[in-house]
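Enquirer: Starting from the structure of chain A, add chain B where the hints point.
The lines below spell out each chain.
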Amino acid sequence: MIYVTRKIEFSASHLYHNPALSAEENRRLFGKCNNPHGHGHNYVLEVTVAGERDPVTGMVLDLKELKDILQREIIERMDHRFLNYEVPELAGQIPTCENIARAIWRLLEPRIARGRLHRVRLYETPDLFVDCFRDGANGAPG
Amino acid sequence: MKLELTRRYRFSASHRLHTSKLSEEENRRVYGKCANPYGHGHNYVLEVSVSGPVDPATGMIANLAELDEFVERRVLQEFDHRNLNEEVEAFRDAVPTAENLCQEAFLRLRNFPAARLERVRLEETSLNSFEYAGDDRERTAK
Numbered sequence: 200m201i202y203v204t205r206k207i208e209f210s211a212s213h214l215y216h217n218p219a220l221s222a223e224e225n226r227r228l229f230g231k232c233n234n235p236h237g238h239g240h241n242y243v244l245e246v247t248v249a250g251e252r253d254p255v256t257g258m259v260l261d262l263k264e265l266k267d268i269l270q271r272e273i274i275e276r277m278d279h280r281f282l283n284y285e286v287p288e289l290a291g292q293i294p295t296c297e298n299i300a301r302a303i304w305r306l307l308e309p310r311i312a313r314g315r316l317h318r319v320r321l322y323e324t325p326d327l328f329v330d331c332f333r334d335g336a337n338g339a340p341g
Numbered sequence: 004m005k006l007e008l009t010r011r012y013r014f015s016a017s018h019r020l021h022t023s024k025l026s027e028e029e030n031r032r033v034y035g036k037c038a039n040p041y042g043h044g045h046n047y048v049l050e051v052s053v054s055g056p057v058d059p060a061t062g063m064i065a066n067l068a069e070l071d072e073f074v075e076r077r078v079l080q081e082f083d084h085r086n087l088n089e090e091v092e093a094f095r096d097a098v099p100t101a102e103n104l105c106q107e108a109f110l111r112l113r114n115f116p117a118a119r120l121e122r123v124r125l126e127e128t129s130l131n132s133f134e135y136a137g138d139d140r141e142r143t144a145k
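Protein sequence lines correspond, in order, to chains A and B. Under my numbering, think of the first position of the first sequence as 200, with each following residue one higher. Under my numbering, think of the first position of the second sequence as 4, with each following residue one higher.
One chain only, chain B, in its complex shape:
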C-alpha cells in the first residue's frame, strides 16, 4: 500500500487579476470584478501532500515540524498578508490567479528534502479549489 500525508495551512493575501496583454475593456470582460484596480483579498487554504516510506523509528513519512517550517519559510512568510501582485516576484509578469498561485506554491515546495511532494491543493474560497502535481520537467529542475 502507499501512504500520503497531507497538511492544511492558511494564508490571507490580496491580488488583482489583470494583464497588460489585454485592453482595459478586455480585462474587465475576462476578469470581471477581480480586475478592480485596487485589488481584493482571500483567505486561502493550502493543502500540501507528501509521500514516502514510514520511518520505523518515528512512525512518520516526514516530521511535521520540519514540513511546517519548510512551508512557513518557502510559502507562508512570503504570501501571508501580502499583495501578491506587488510583493511576489513570480507575479510581476504572471497574473496571480489561483491556478498560477497553486503552481508557484508547488515549485517553491518541490525540493522538500524529507519526502516526495505529491501535490498541492489550493482553496481560494470555500467554493473553489485547485490542484497541481507538477510535471516531470519541473520535478527534475532545481
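If we strip away everything but chain A, and leave its shape as in the complex, we get:
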C-alpha cells in the first residue's frame, strides 16, 4: 500500500455559538471564539489517499485529478467564506476543526475514484489539527 498526500490551504471565518445555550454559557464554553462578529484562520488541509500503484503509470492516482477535486469540493465551497453562514454542509453545526474535518471527509470520500481516502488532516493553526480516519484504520502511516 502506498499513501499519497496532497496539501491545500484555504482561509475562512467562523464563530462558535450554540443557540440552545444562554449567552453566558456560550461565553464560558467557547471563550473568545464566541465573538459574534466572527474571526478567521488560514486552514491547511492534508488529504491522504491509500492505494496500489497502477502498473502502467506507476501512480496510485492522478494528482491532477485530486487537485481538481480539492479545488471543486473544498476551495470553491470554503475559501474566503464565513463557514457558519455560507457552507451548507456545516449548517446547524458549530464549525469547530472537528466538524469541518468531518464535513471535508464526507465531501471527499465518495469522490476518490482511485485508491481510498485514508486520512483528512485539517490544521486550524500550526498548533492545532484534527485527523479524520476511516473506522478501524490507525493513524500510521501517512
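Any given hint might turn out to be false.
What the hints assert, rightly or not - Sample of chain A residues at the chain B side, in silico, Cβ under 8 Å:
hint: 1; residue: Tyr202
hint: 2; residue: Gly230
hint: 3; residue: Ala300
hint: 4; residue: Trp304
FYI, nobody ran anything at the bench for these hints, they're computed from the structure. These numbers come from a predicted model, not from an experiment. Glycine residues also receive a C-beta, built at the ideal position from the N, C-alpha and C atoms.
Expert: Chain B in isolation, oriented as in the chain A frame:
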C-alpha cells in the same frame, strides 16, 4: 470514521544523559556530548493527541481550554525552564532521554478526563521526534 484532535505545546528544559550504572568512560561512549557534566538544553515540542465522540452541543472532542489547562498543570509547569535531572522526580533514577521523557509525559496525561489520550509525540529538536501510545498495563493503572 474516527476523529483525533492534536495540540502542540512547547517547553524548554535542560538535561544531562548519564547513568551511574555505567563508568564515566562508558557514559561518554554511549551518550557522547550529551553526557557533558554541566548539561545542556532543548526547545521541546510536545504534541498531544486525544480521541472521542464529538459533542453535538459544542462540536468538540474536548474543550481546548480544558486540555490546555491539564497539559499546563501536569507537564508544562513542571518541565518548562527546569533541569529535568534535578527537578523531575521520575528522572532521579531514569535517564531523561527523549524516549523516557515522552513516556513520562504520556503517563502524566493518560487520565485526561474529557477524552481518550491516544499518544504523545515529542520533538527534541526539529530533526528528532519520538512517539508513545502507552500499553494496556499503563492505561489501566492509576
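Enquirer: Which hint numbers doesn't this structure obey?
Expert: Those not satisfied come down to hint 1.
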